[in-house]
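Q: Assemble chain B onto chain A, guided by the hints.
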Amino acid sequence: MFTSSPSARLRELRDQIARIERGHVGAPGKTVPFGVAAVDEKLPNGGLALGALHEIAGAGPDTEHGAAAALLTAGILARMAGPVLWVMEQADLFAPGLAGVGLHPDRVVFAEAGKEVLASMEEGLRHPGLAAVVGEIGGRFSLVASRRLQLAAEQTGILSIALRRSRIFDDPALREPTAAATRWMVAAVPSPPVIPGVQGVGRARWRLTLLRCRGGETGSWMTEACDATGCLGLVADLADGPAAEERRLRA
Amino acid sequence: MVTAANNGRRQVVASVDAAAAGLGLRAGMPLAQAQALVPGLAIYPSAPEAEHEGLRRLAGWCLRYAPLASADLPDGIWIDVTGSTHLHGGEAGLLRDLVARFAAYGVAARVAIADTPGAAWGLVRYGLPPSSPTMTEMLLPLPIEALRLPVSICDGLRLMGFDRVGQLVATPRGPLVRRFGAIVATRLDQAFGAVFEPIVPAIPAELIQERLAFMEPLLTAVAFSSVIARLTATICTALEHSGQGARRLDLLFERVDGTIATLRVGTARPSRDARHLGRMLDEKLERIDPGLGIEAMRLIVTRADALGHTQTATLSDSPQAYIAALVDRLSNRLGAERVYRAEPMESDVPERSVRRVPALQCGGGKNWPVDLPRPVRLLDPPQPVETMALLPDHPPLAFTWRRVRHRVKQADGPERIAGEWWKRDGEMRSVRDYFRVEDEDGRRFWLFRRGDGEDPATGDRRWFLHGFF
Numbered sequence: 001m002f003t004s005s006p007s008a009r010l011r012e013l014r015d016q017i018a019r020i021e022r023g024h025v026g027a028p029g030k031t032v033p034f035g036v037a038a039v040d041e042k043l044p045n046g047g048l049a050l051g052a053l054h055e056i057a058g059a060g061p062d063t064e065h066g067a068a069a070a071l072l073t074a075g076i077l078a079r080m081a082g083p084v085l086w087v088m089e090q091a092d093l094f095a096p097g098l099a100g101v102g103l104h105p106d107r108v109v110f111a112e113a114g115k116e117v118l119a120s121m122e123e124g125l126r127h128p129g130l131a132a133v134v135g136e137i138g139g140r141f142s143l144v145a146s147r148r149l150q151l152a153a154e155q156t157g158i159l160s161i162a163l164r165r166s167r168i169f170d171d172p173a174l175r176e177p178t179a180a181a182t183r184w185m186v187a188a189v190p191s192p193p194v195i196p197g198v199q200g201v202g203r204a205r206w207r208l209t210l211l212r213c214r215g216g217e218t219g220s221w222m223t224e225a226c227d228a229t230g231c232l233g234l235v236a237d238l239a240d241g242p243a244a245e246e247r248r249l250r251a
Numbered sequence: 001m002v003t004a005a006n007n008g009r010r011q012v013v014a015s016v017d018a019a020a021a022g023l024g025l026r027a028g029m030p031l032a033q034a035q036a037l038v039p040g041l042a043i044y045p046s047a048p049e050a051e052h053e054g055l056r057r058l059a060g061w062c063l064r065y066a067p068l069a070s071a072d073l074p075d076g077i078w079i080d081v082t083g084s085t086h087l088h089g090g091e092a093g094l095l096r097d098l099v100a101r102f103a104a105y106g107v108a109a110r111v112a113i114a115d116t117p118g119a120a121w122g123l124v125r126y127g128l129p130p131s132s133p134t135m136t137e138m139l140l141p142l143p144i145e146a147l148r149l150p151v152s153i154c155d156g157l158r159l160m161g162f163d164r165v166g167q168l169v170a171t172p173r174g175p176l177v178r179r180f181g182a183i184v185a186t187r188l189d190q191a192f193g194a195v196f197e198p199i200v201p202a203i204p205a206e207l208i209q210e211r212l213a214f215m216e217p218l219l220t221a222v223a224f225s226s227v228i229a230r231l232t233a234t235i236c237t238a239l240e241h242s243g244q245g246a247r248r249l250d251l252l253f254e255r256v257d258g259t260i261a262t263l264r265v266g267t268a269r270p271s272r273d274a275r276h277l278g279r280m281l282d283e284k285l286e287r288i289d290p291g292l293g294i295e296a297m298r299l300i301v302t303r304a305d306a307l308g309h310t311q312t313a314t315l316s317d318s319p320q321a322y323i324a325a326l327v328d329r330l331s332n333r334l335g336a337e338r339v340y341r342a343e344p345m346e347s348d349v350p351e352r353s354v355r356r357v358p359a360l361q362c363g364g365g366k367n368w369p370v371d372l373p374r375p376v377r378l379l380d381p382p383q384p385v386e387t388m389a390l391l392p393d394h395p396p397l398a399f400t401w402r403r404v405r406h407r408v409k410q411a412d413g414p415e416r417i418a419g420e421w422w423k424r425d426g427e428m429r430s431v432r433d434y435f436r437v438e439d440e441d442g443r444r445f446w447l448f449r450r451g452d453g454e455d456p457a458t459g460d461r462r463w464f465l466h467g468f469f
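The listed protein sequences derive, respectively, from chains A and B.
Quick note on my numbering: the first sequence kicks off at 1 and runs consecutively.
Quick note on my numbering: the second sequence kicks off at 1 and runs consecutively.
Looking at chain A on its own, in the form it has when it is part of the complex:
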């Protein structure tokens, strides 16, 4: 079959190859965009691919508790619809905090899995009723295990997020290769004062880094943390850009 322009034919061929490679059930190319153009344009199909495994880790001393990583994850889930499964080793997650970025408690099923996090995640990925499966993985995450989860996610088209944690500072295990489609690092950075000279805590700021992206580019952005609906904001180049100004007036 011939189509008019070479780029359209290329796209068609790519789609075909992708279909052969993955044997998808879910429609290929479905994504959850971040809603921030600068981030989305680096990702294939303009967002986090459904039916794929994504890795999110904190940075520095926050790797142990992964607070920023949990908030970023919850923000992504908040912008989707449908029930999600959140698998943890032990329960230190505080549900009101998740609700604070828009993830409603009715949508989340928690599983306290101890050493069976990976097995429970895979179980979740095999049940098509879910929108997403999140697993908090402490320490090593082998290539074999990640490939297994990636394949399970591909078959059902469920978004799968591995929230990497480690008690070891700067753990080399977090840098080992995995089969995940993307790898993110989120680090807290100092936020500007709400009103200069006055004590007060405004919206948090993150350094969001895309370390690895299959079929896309890497990148690093200064963002404002998830708001009450799970949306990120890009920090304007100027310290007091128009976006920040406008928000301050509304507040």
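Misleading hints may appear alongside valid ones.
Said to hold, decoys possible - Simulated restraints on C-beta separations:
#, chain 1, residue 1, chain 2, residue 2, range
1, A, 229, B, 112, 53 to 59 Å
2, A, 38, B, 64, 54 to 60 Å
3, A, 41, B, 390, 44 to 50 Å
4, A, 147, B, 92, 40 to 46 Å
5, B, 237, A, 229, 48 to 54 Å
Don't read these hints as lab results, they were simulated from the structure.
Fair warning: this is a prediction, and the values are worked out from it, not measured in the lab.
In this text, a Cβ means the ideal position worked out from N, Cα and C, and glycines have one as well.
A: Positioned in the frame of chain A, the structure of chain B alone reads:
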């Protein structure tokens, strides 16, 4: 109150209740003596048959804890809890639950858990509070009656100077067996686990069940799976006829040597989806040791709830059905209390503002108030930190947690949370002042100070880290 029975030509006390025991009455004493000791004693005729029947019914009820339970006449119940304690909060949790539920029915029970039926029998009747880590050490100081020996043999052993189990263990077996018969050696071996003693399960006949016996003993997981498929299909047809769905299934493997291995699975919602039930059983097959071979398998629905007639095809395709199936499988893997949803509770104290509810319970759409900043990770219990702060209302300038010093760049607070005196007396006046702070790296912490900073009665002014944003 006592019950009386005829022993030959005289009447003796058959059993006593707690009050009677307190007055010095014992089972086996002549009834006339008891009446002389306690005027106005309430005496009821003993009805052994009815008592045994009651005990059997109670044993049937105990199936809620484990697939193997049976009445040990005249006064005991065996429960083989191998592999099912984690569903009830561990061994200690299971025993607590059992005693509490019995007490609610007005049944006073003594319980003990041990590695063998014989040891449990002895410990529950003659044991002391658990003092020693190993079962052997707990058994040795028990009196010889703890071995389930007939009274005549016990008397004989006492005449020869044996009082404790430990003395019997230390004695050569040969002369003992020649003098008292093989039962002494058998009971010792059963108590210490050298000889296996099967518990023959009590299966109430009215339960839906199916048994398949095989010409040749089966050994492989593949063979077991195909049997499970047949058993679940039959069971589900039976469930459909009675308009029920299974909540709990027990699968009994009868080994060639007469012992029984068991599997138990539970569902969060009544189900008669043969494929789903079969898959859950299949998943646990690896825990079964077939021994020399399995000669029969029996599948029993030990708990069933009403389930209306539905078109199963459409039901199993809906998202809710998928979630229910997922919750079932995770619950069986991890334990039902570890798969849950969080539900808002109306409480200001952060730890009490979240309640765990079963994962399939309908959410009421409730949410926490959005205007209060709450951390995403909560430390339980809060960890003490060293701080530098001005009193009464100022956030700390810096705090040290795990020997790392964090300088506070920005802070919000205090958010004062008062103790809920209507829940706990100790919180009558206690107060926590919460601060949200950001350190020089941009990390955000949730700190609180016990007390309002002025009145010492509200708290001791120590600082704690409670969570991360």
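Q: Hint by hint, say whether it matches the structure.
A: So, going through the hints one by one against the coordinates:
1. About 56 Å separates the C-beta atoms of residue 229(A) and residue 112(B), a value consistent with the hinted range of 53 to 59 Å.
2. Checked against the given bound of 54 to 60 Å, the beta carbons of residue 38(A) and residue 64(B), roughly 58 Å apart, stay inside it.
3. Between residue 41(A) and residue 390(B) the Cβ separation comes to about 48 Å, which falls inside the hinted range of 44 to 50 Å.
4. Between residue 147(A) and residue 92(B) the CB atoms are about 41 Å apart, so this pair conforms to the stated range of 40 to 46 Å.
5. At roughly 50 Å, the beta carbons of residue 237(B) and residue 229(A) sit within the given window of 48 to 54 Å.
Hint compliance for this structure: no hint is broken.
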